[in-house]
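A.B. asks: Using the hints provided, position chain B relative to the given structure of chain E.
These protein sequence lines are chains E and B, in that order. When we follow UniProt numbering, the leftmost residue of the first sequence carries the number 1, and every step to the right adds one. When we follow UniProt numbering, the leftmost residue of the second sequence carries the number 1, and every step to the right adds one.
No lab work stands behind these hints: they were computed from the structure. Everything numeric in this text was worked out from a predicted model, so none of it was measured. A couple of the hints might just be wrong.
Copies of the same chain are indistinguishable here, so a pair counts whether it falls within one copy or spans any two.
[Said to hold, decoys possible] Straight-line alpha carbon distances no greater than 25 Å define the calculated BS3-like cross-link-like pairs of lysine-lysine that follow:
hint : residue 1 : residue 2
1    : K90       : K307
2    : K225      : K155
3    : K90       : K54
4    : K272      : K90
5    : K273      : K54
6    : K80       : K273
7    : K195      : K80
8    : K155      : K195
9    : K326      : K155
Each chain, letter by letter, is given below.
There are 2 protein chains.
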Amino acid sequence: MDTIQSDGYSIFFDDSITELFKFVEQGNYSKVFVLTDDNTGIHCLPLLQPHLVKLNSYDLIEITAGEENKTIDFCIGVWKMLIDFGADRKALMINLGGGVVTDLGGFVASTYKRGIDFVQVPTTLLSQVDASVGGKTGVDVDGIKNIIGTFTQPKAVFMNDGFLSTLPQRQLLSGLAEMLKHGLICDADYWDELKESDLSLPSAELIYRSVEIKNAVVLEDPHEKNIRKALNFGHTVGHAVETYSLLNDDDPLTHGEAIAIGMICEAWLSNKKAGLSTNQLDEVASVITRLYPKYEVKADSQAELFKLMLNDKKNFDGQINCTLLKRIGDFSIDNLCTEVELYDSLNYYAGL
Amino acid sequence: MDTIQSDGYSIFFDDSITELFKFVEQGNYSKVFVLTDDNTGIHCLPLLQPHLVKLNSYDLIEITAGEENKTIDFCIGVWKMLIDFGADRKALMINLGGGVVTDLGGFVASTYKRGIDFVQVPTTLLSQVDASVGGKTGVDVDGIKNIIGTFTQPKAVFMNDGFLSTLPQRQLLSGLAEMLKHGLICDADYWDELKESDLSLPSAELIYRSVEIKNAVVLEDPHEKNIRKALNFGHTVGHAVETYSLLNDDDPLTHGEAIAIGMICEAWLSNKKAGLSTNQLDEVASVITRLYPKYEVKADSQAELFKLMLNDKKNFDGQINCTLLKRIGDFSIDNLCTEVELYDSLNYYAGL
Numbered sequence: 001m002d003t004i005q006s007d008g009y010s011i012f013f014d015d016s017i018t019e020l021f022k023f024v025e026q027g028n029y030s031k032v033f034v035l036t037d038d039n040t041g042i043h044c045l046p047l048l049q050p051h052l053v054k055l056n057s058y059d060l061i062e063i064t065a066g067e068e069n070k071t072i073d074f075c076i077g078v079w080k081m082l083i084d085f086g087a088d089r090k091a092l093m094i095n096l097g098g099g100v101v102t103d104l105g106g107f108v109a110s111t112y113k114r115g116i117d118f119v120q121v122p123t124t125l126l127s128q129v130d131a132s133v134g135g136k137t138g139v140d141v142d143g144i145k146n147i148i149g150t151f152t153q154p155k156a157v158f159m160n161d162g163f164l165s166t167l168p169q170r171q172l173l174s175g176l177a178e179m180l181k182h183g184l185i186c187d188a189d190y191w192d193e194l195k196e197s198d199l200s201l202p203s204a205e206l207i208y209r210s211v212e213i214k215n216a217v218v219l220e221d222p223h224e225k226n227i228r229k230a231l232n233f234g235h236t237v238g239h240a241v242e243t244y245s246l247l248n249d250d251d252p253l254t255h256g257e258a259i260a261i262g263m264i265c266e267a268w269l270s271n272k273k274a275g276l277s278t279n280q281l282d283e284v285a286s287v288i289t290r291l292y293p294k295y296e297v298k299a300d301s302q303a304e305l306f307k308l309m310l311n312d313k314k315n316f317d318g319q320i321n322c323t324l325l326k327r328i329g330d331f332s333i334d335n336l337c338t339e340v341e342l343y344d345s346l347n348y349y350a351g352l
Numbered sequence: 001m002d003t004i005q006s007d008g009y010s011i012f013f014d015d016s017i018t019e020l021f022k023f024v025e026q027g028n029y030s031k032v033f034v035l036t037d038d039n040t041g042i043h044c045l046p047l048l049q050p051h052l053v054k055l056n057s058y059d060l061i062e063i064t065a066g067e068e069n070k071t072i073d074f075c076i077g078v079w080k081m082l083i084d085f086g087a088d089r090k091a092l093m094i095n096l097g098g099g100v101v102t103d104l105g106g107f108v109a110s111t112y113k114r115g116i117d118f119v120q121v122p123t124t125l126l127s128q129v130d131a132s133v134g135g136k137t138g139v140d141v142d143g144i145k146n147i148i149g150t151f152t153q154p155k156a157v158f159m160n161d162g163f164l165s166t167l168p169q170r171q172l173l174s175g176l177a178e179m180l181k182h183g184l185i186c187d188a189d190y191w192d193e194l195k196e197s198d199l200s201l202p203s204a205e206l207i208y209r210s211v212e213i214k215n216a217v218v219l220e221d222p223h224e225k226n227i228r229k230a231l232n233f234g235h236t237v238g239h240a241v242e243t244y245s246l247l248n249d250d251d252p253l254t255h256g257e258a259i260a261i262g263m264i265c266e267a268w269l270s271n272k273k274a275g276l277s278t279n280q281l282d283e284v285a286s287v288i289t290r291l292y293p294k295y296e297v298k299a300d301s302q303a304e305l306f307k308l309m310l311n312d313k314k315n316f317d318g319q320i321n322c323t324l325l326k327r328i329g330d331f332s333i334d335n336l337c338t339e340v341e342l343y344d345s346l347n348y349y350a351g352l
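Okay, chain E solo, but in the shape it has when bound (with noise of 0.2 Å):
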């Protein structure tokens, strides 16, 4: 497979350990810290160490692992342990974990000192198909999601699919909610690909076409100024049930399960208003309902949902902004969707 070229930066996939420290060795970095979580930090800085222990110099730093440690709180932590390490200007920072570990790690490297060189190493499947490609940094405040951020490129990022082998099964499905949303928004071949694959470890081949689509998109929208919303599909009302299930839930949704949610009521609110046709509405809700449990949307909760969509980034004015599909494979930017309709979308759900 080859190295993709994404807006100033490469992204790796064979031999990636090895381009990974080949970087770091050009980079002439004045110290290396290695971001993980607990979780990383046991199964996938193995992998790292032989590498690590003949550099000069590195440090650990491990946070906690877990969506709800995404926090600008963490980033205090992380920020205080830089400073006490002494890291420089020209140091540099290696995220070696999941979505939150880049999001975050991101977000404290593209703010410490004004901005310190970064390299994402996904080792989650949903990282690595969608929170290391775009330029996106970000964390929560008060339970709202990615609140807080900026649009800041890695250096490289190194893809490792033996990372993955490691990996719960419903960490697998949340990553594969994003690879299916690509095939959706903008190629149906490969939709029609995903639901004739054994998705129980999505193939190299499957992921590298995924990082391809996302990468296409971002490339020609790198602000979110148009294009770009393509990849909001199933993330409006999929984010407001992630945030919900993680205030109100024991055992709260994984990011993918919210947002395969988001793009079954998007995918009802599409057949409403953007033309997708009833039989591809019920493809689209059969094929996810069939991978994902269901997830019980209690009515009076509605209000709620509603309350944390009008807080998403990309709704102006109490408006909510849907991206919704013309057709599988084709989508349609910028649809104003009302209370009414969003609530409704949430009632189709429910009834499936």
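C.D. replies: Relative to chain E, chain B alone:
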């Protein structure tokens, strides 16, 4: 005085309040937020109020005045208020205040939803001649100055010398230090002019010239790769003294008072290492000591000052990197100074 063109934005001098609200109207913003502190809320906001009430809607956010409050914790407070007020990506933030408000407000705006528009209305001499030109935003963590921040340009800057008449003399002197620096690094004629002027309230023309100098330097090197380091003259020692005073003194030094000390120390280093003549060293020391009160740097605090210098953003790999003067009106970047040389420069200041 003509409008100065900076990196993609304008710095208005004449009729700047009128220009500000012309800008607001043309921007078609979803909401306008005015960030003040408890001083500017009383002394400066009234100048904006007649125009503000004509807007459809605006909200005030007030932070507590004082350098010690330019912290990440106050940022969190402002982010939460923006969330509560429902600020979306098309909101505008007007930062009305001194460097604390413009630096912190710029950082908050540049990271809220990955960046909303902001404009600077600097109300102190220091923020007019320094903080509002150059696109640096920043806040402190653990007492380390500006350790977190971004390079983000405001959409415009509005200067108004009407704000300065309410400033205490000590605040005016704080800004004056940066003006003296602009002369020392780039313009010997301007230094001579300053020497001969009544500096109890610097004229609008002197302020304008200072902004011109800073703007020219910044435009040449927006990301501080080389020539912009000129602006760090006096700031290696000065920042350390400022932080030390903030942590240890009941009535801490102002920024300019600390930079005044830094400029004397670094003029001494310039004489040792960069070619500044002894005559010119004497001239710099005598002009500055005439304007600023003497501060006692205790011998046993020197080690702590050195540790603070090591934390400075410009220092790599344990070496202290100073911008020095070749002569009055010309600078030399990237001079590495040893611990002993820095102690000697502090001893020179102490012996004046």
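A.B. asks: Are the hints correct? Go through all of them and say.
C.D. replies: The hints, checked one at a time:
Taking CA atoms no more than 25 Å apart as the test, K90 paired with K307 passes between copies only; the shortest distance there is 18 Å, against 42 Å inside one copy. For the homomeric pair K225 and K155, the shortest alpha-carbon distances inside one copy (23 Å) and between copies (18 Å) are both at most 25 Å. Taking the shortest alpha-carbon separations for K90 and K54, only the intra-copy value of 19 Å comes in at or below 25 Å, while the best inter-copy value is 49 Å. Neither within a single protomer nor between protomers do K272 and K90 lie at most 25 Å apart by alpha-carbon distance, with minima of 53 Å and 28 Å respectively.
In this assembly of identical chains, the alpha carbons of K273 and K54 never lie at most 25 Å apart, being 58 Å within a copy and 38 Å across copies at closest. Taking the closest pair of Cα atoms, K80 and K273 never come within 25 Å of each other, the shortest separation being 49 Å inside a single copy and 34 Å across copies. Proximity of K195 and K80 under a CA criterion of 25 Å is satisfied in neither setting, with 46 Å inside one chain copy and 42 Å between copies. In this homomeric assembly, K155 and K195 never come within 25 Å of each other (Cα to Cα): the closest approach is 34 Å inside a single copy and 48 Å across copies.
Taking the shortest alpha-carbon separations for K326 and K155, neither the intra-copy value of 36 Å nor the inter-copy value of 37 Å comes in at or below 25 Å.
In this structure, the hints that do not hold are numbers 4, 5, 6, 7, 8, 9, in rising order.
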